[in-house]
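Line by line, the protein sequences are chains H and S.
Position one of the first sequence corresponds to residue -13 (the numbering used here), numbered consecutively onward.
Position one of the second sequence corresponds to residue -13 (the numbering used here), numbered consecutively onward.
One copy or two, it doesn't matter: identical chains are merged, so the pair holds either way.
As a list, the in silico DSSO-like pairs of lysine-lysine whose alpha-carbon atoms are at most 30 Å apart:
id	residue 1	residue 2
1	158	1
2	158	97
3	1	104
4	15	-10
To be clear, the hints were calculated from the coordinates, so they are not data collected in a lab.
Only a predicted model underlies this, so the values are computations on that prediction, with no experimental measurement involved.
Single-letter residue listing:
Protein chains: 2
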Amino acid sequence: MQSKASLPVIRRLPKYYRYLSNMKNNGIKKVSSSELARIMGTTASQVRQDFNCFGGFGQQGIGYNVDTLLHEISCLLFGDEGEKLPTILIGTGRLGTAVSSFLIRDTNGYKLLAAFDKNPALVGQTVNGIPIHSVDDLEEFCAREHPVVAVLCVPRDGAGELASSLVGLGFKGFWNFSHYDLSVAFPDVIVENVHLGDSLMSLGYRLRNE
Amino acid sequence: MQSKASLPVIRRLPKYYRYLSNMKNNGIKKVSSSELARIMGTTASQVRQDFNCFGGFGQQGIGYNVDTLLHEISCLLFGDEGEKLPTILIGTGRLGTAVSSFLIRDTNGYKLLAAFDKNPALVGQTVNGIPIHSVDDLEEFCAREHPVVAVLCVPRDGAGELASSLVGLGFKGFWNFSHYDLSVAFPDVIVENVHLGDSLMSLGYRLRNE
Chain H
-13 MQSKASLPVI RRLPKYYRYL SNMKNNGIKK VSSSELARIM GTTASQVRQD FNCFGGFGQQ
47 GIGYNVDTLL HEISCLLFGD EGEKLPTILI GTGRLGTAVS SFLIRDTNGY KLLAAFDKNP
107 ALVGQTVNGI PIHSVDDLEE FCAREHPVVA VLCVPRDGAG ELASSLVGLG FKGFWNFSHY
167 DLSVAFPDVI VENVHLGDSL MSLGYRLRNE
Chain S
-13 MQSKASLPVI RRLPKYYRYL SNMKNNGIKK VSSSELARIM GTTASQVRQD FNCFGGFGQQ
47 GIGYNVDTLL HEISCLLFGD EGEKLPTILI GTGRLGTAVS SFLIRDTNGY KLLAAFDKNP
107 ALVGQTVNGI PIHSVDDLEE FCAREHPVVA VLCVPRDGAG ELASSLVGLG FKGFWNFSHY
167 DLSVAFPDVI VENVHLGDSL MSLGYRLRNE
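Next comes chain H alone, as it looks inside the complex:
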């Protein structure tokens, strides 16, 4: 059932989650697909189609129960209690430090086990309370702790080699902030790219040409 969802639908799930969380916090109990569509900037038909990818979530006409809908979407996004994805961060510069604060939040379905850096001055320190190890200890750490998600906050140089060794060590998913396009080299791993520089360039193009 779940495999029916396309990537654009999957990418809208977090947005539904955020809006529904706000509604719940504001004491709202029921919401119609047209009201959800208005907030999402889409159409009621799109909302219903999105939800149908996951089994429907409720009945048309009487609207959706906010609590139930939020619970269903939370289960899809975060899995069941206790099945957090064991995760490591590689690169603890300014960006890695900022990013780590997203990973240590309780509710996101990840468990940040450790951070790694190649700078000896940082090894032994912590980032947001998480110990920083040497990248030289990566293989041994992975054999012991079996992380499946790697967050890459490293420069482009060396990112390809690093990614290749991580795929070899059994990592299944990457949150990739490096400028190395992992998904081209390794089409079978699951990658979410955050190319901040690309986003900034696209904005500049649109401001100059639209």
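Add chain S to chain H, keeping to what the hints say.
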């Protein structure tokens, strides 16, 4: 001519830019659309279609000149020399600090004029060499310096009100890291959203369900 480009095409321009920069650095003079397609993870026909949106950039059959192509794409992305987009950063926490390092790079077509924060302890300090002002001075600063791009690294609470006043102050473009969906409330401004939490949730969904 330039208005022909759709958003997905625009979003691929930075990727072309990055790959061509690497080629130039590696001394490569000529590249075919099929070679570019291989590196981009797309098809030669897509590459040619993309380039046709901007007037073509070269002749099929003999390949593209890397220098010329890189120059043409740079002009599209960064404008001409001396027309940098005057920009401010709002929110100088960990994320804002990390993000500011992207804005002060020489080659990206932006000029970061100032940063703003509502925390009095930060006002008067600097972030990456850029002075931090109080958000109370925003209106006066804008009347004097006329920035057109705002980078929002603020929490969701208050982001809506802030965005509304910035649109009123004449800002044309937003690089938005807040969880407030600017483009829904202000459909006429140009927004690049970087929803890091959403990206992390999508990754989790795909790892659990694909």
